[in-house]
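Enquirer: Okay, here's what each chain looks like letter by letter:
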Amino acid sequence: MSIEVLLVEDSPGDVRLTQEAFREANSLIRLHVACDGFEAMAFLRHEGVHADAPRPDFILLDLNLPKMDGREVLAHIKNDESLKTIPTIILTTSNAEEDIVRSYQSHANCYLSKPVQLDEFEEVVKSINEFWLTRARLTQRRLDG
Amino acid sequence: MSIEVLLVEDSPGDVRLTTEAFRDANRLIHLHVASDGVEAMAFLRHEGKYVDVPRPHFILLDLNLPKMDGREVLAHIKKDDNLKTIPTIILTTSTAEEDIIRSYQLQANCYLSKPVQLDEFESVVKSINDFWLTRAKLPQPR
Chain A
1 MSIEVLLVED SPGDVRLTQE AFREANSLIR LHVACDGFEA MAFLRHEGVH ADAPRPDFIL
61 LDLNLPKMDG REVLAHIKND ESLKTIPTII LTTSNAEEDI VRSYQSHANC YLSKPVQLDE
121 FEEVVKSINE FWLTRARLTQ RRLDG
Chain B
146 MSIEVLLVED SPGDVRLTTE AFRDANRLIH LHVASDGVEA MAFLRHEGKY VDVPRPHFIL
206 LDLNLPKMDG REVLAHIKKD DNLKTIPTII LTTSTAEEDI IRSYQLQANC YLSKPVQLDE
266 FESVVKSIND FWLTRAKLPQ PR
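Chains A and B, in that order, are what the protein sequence lines are. So that you can map any letter, position 135 of the first sequence is 135 in my numbering, and since no number is skipped, the others follow by simple counting. Numbering-wise, my numbering comes out as the position in the second sequence, counting from 1, plus 145.
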């Protein structure tokens, strides 16, 4: 069974790096990309072109996004009874304590720094795969999707 | 700087295994133990004998506990504006889908199964250390 991951990221370079790193880490992962917060919410709510989108098992969310920023996307997800059970990991270049605290206040499941170096980036994706997609228990799509 | 971890666990055997596994994984970890839910909340709220305890960077919470169970402890933590920023990981023998969903609904940061085999147990503690205490960014206790 495939693992559906939604990546919310506006930088094409980071999207490509993440896709390649996940492909190497775990061939069961199907990565879906939303490039702004508005598109992310449409994907999660199956609106418009996303009518047939699967419910993701897991969300990777950048904070700084066009149209609707990651803080607002996170608040929408964690205030929605159906969506709040999807683990949502912040992956951002910001190391500001305010962003870290604010993300956990809004019930981000975890906060990770996006590294600048390529090999560090691959390490982060590998550790997400090892911990969240292999070790942690996620909710089953069939039961609450 | 030490990393303060609160383990909420009523089984003395599991407390001992967790203590030993963390000691092997990371010497900076200072593990505090609460053996029921009421004690956990007293620790977090600095009540009674816990007046001088540190704010934990991280909480490991069993679901089935005497006095106040882990679901209730989790709800208290995640409804408290001061405590809700502490990452709280469920570590339980239950693999029931209902417990997994309910925990994420109550805003648990993560849900892990407690393994029965000793070497698997060590491997879970090591992965918690590698991911949460090394890789993830945690809020700094004020």
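For the record, the hints were derived by calculation from the structure and aren't laboratory data. Every residue gets a Cβ at the ideal spot worked out from N, C-alpha and C, and that includes glycine. Be a bit skeptical, because a hint or two may be false.
[Stated by the list, open to error] Rough simulated footprint, nothing fancy, chain B against chain A, three-plus residues with beta-carbon under 8 Å: (1) 6-15; (2) 34-40; (3) 48-59; (4) 65-73.
[As the list claims (entries may be wrong)] Below, a sample of chain B positions facing chain A; criterion: calculated Cβ distance under 8 Å: (5) 250; (6) 252; (7) 254; (8) 255; (9) 256; (10) 258; (11) 260; (12) 261; (13) 262; (14) 271; (15) 275; (16) 276; (17) 284.
Enquirer: None of the hints should be skipped; say for each whether it holds.
Expert: Now for the hints, and whether the structure bears them out:
For the stretch 6-15 of chain A, the proposed coverage by chain B is not satisfied: 0 residues have a C-beta within less than 8 Å of a C-beta in that chain, short of the threshold of three. For a cut-off of 8 Å, the count of residues in the stretch 34-40 of chain A with a CB near a CB of chain B stands at 0, and the three-residue condition is violated. For the stretch 48-59 of chain A, the proposed coverage by chain B is not satisfied: 0 residues have a C-beta within less than 8 Å of a C-beta in that chain, short of the threshold of three. As drawn, the stretch 65-73 of chain A meets chain B at 0 residues by the rule of a beta-carbon pair under 8 Å; below three, the given contact is violated.
The interface hint given for residue 250 of chain B holds, since its Cβ lies 6 Å from the closest Cβ of chain A, which is under the 8 Å cut-off. Among the interface hints, the one on residue 252 of chain B holds; its C-beta lies about 5 Å from the nearest C-beta in chain A, closer than the 8 Å criterion. Given the 8 Å rule on beta carbons, the hint for residue 254 of chain B holds: about 5 Å separates it from the nearest Cβ of chain A. Nearest Cβ of chain A to the Cβ of residue 255 of chain B: about 5 Å, under the 8 Å cut. The hint holds.
A least Cβ separation of about 4 Å between residue 256 of chain B and chain A falls short of the 8 Å threshold, and the interface hint therefore holds. The interface hint given for residue 258 of chain B is met, as the beta carbon of that residue sits about 6 Å from the closest beta carbon of chain A, less than 8 Å. The beta carbon of residue 260 of chain B is not positioned within 8 Å of any beta carbon in chain A (closest approach about 10 Å), and the interface hint is therefore violated. With a least beta-carbon distance of about 15 Å to chain A, the hint placing residue 261 of chain B at the interface is violated under the 8 Å criterion.
This hint is violated: residue 262 of chain B has a C-beta 15 Å from the nearest C-beta of chain A, more than the 8 Å allowed. This hint is violated: residue 271 of chain B has a C-beta 10 Å from the nearest C-beta of chain A, more than the 8 Å allowed. Given hint, residue 275 of chain B at the interface with chain A, holds; its Cβ is 7 Å from that chain's nearest Cβ, closer than 8 Å. Interface restraint check: residue 276 of chain B against chain A, minimum CB-CB distance 4 Å, threshold 8 Å, status holds.
At about 5 Å, the closest approach between the beta carbon of residue 284 of chain B and any beta carbon in chain A falls short of 8 Å, and the interface hint on this residue holds.
Checked against the numbered hints above, the structure breaks hints 1, 2, 3, 4, 11, 12, 13, 14 and satisfies the rest.
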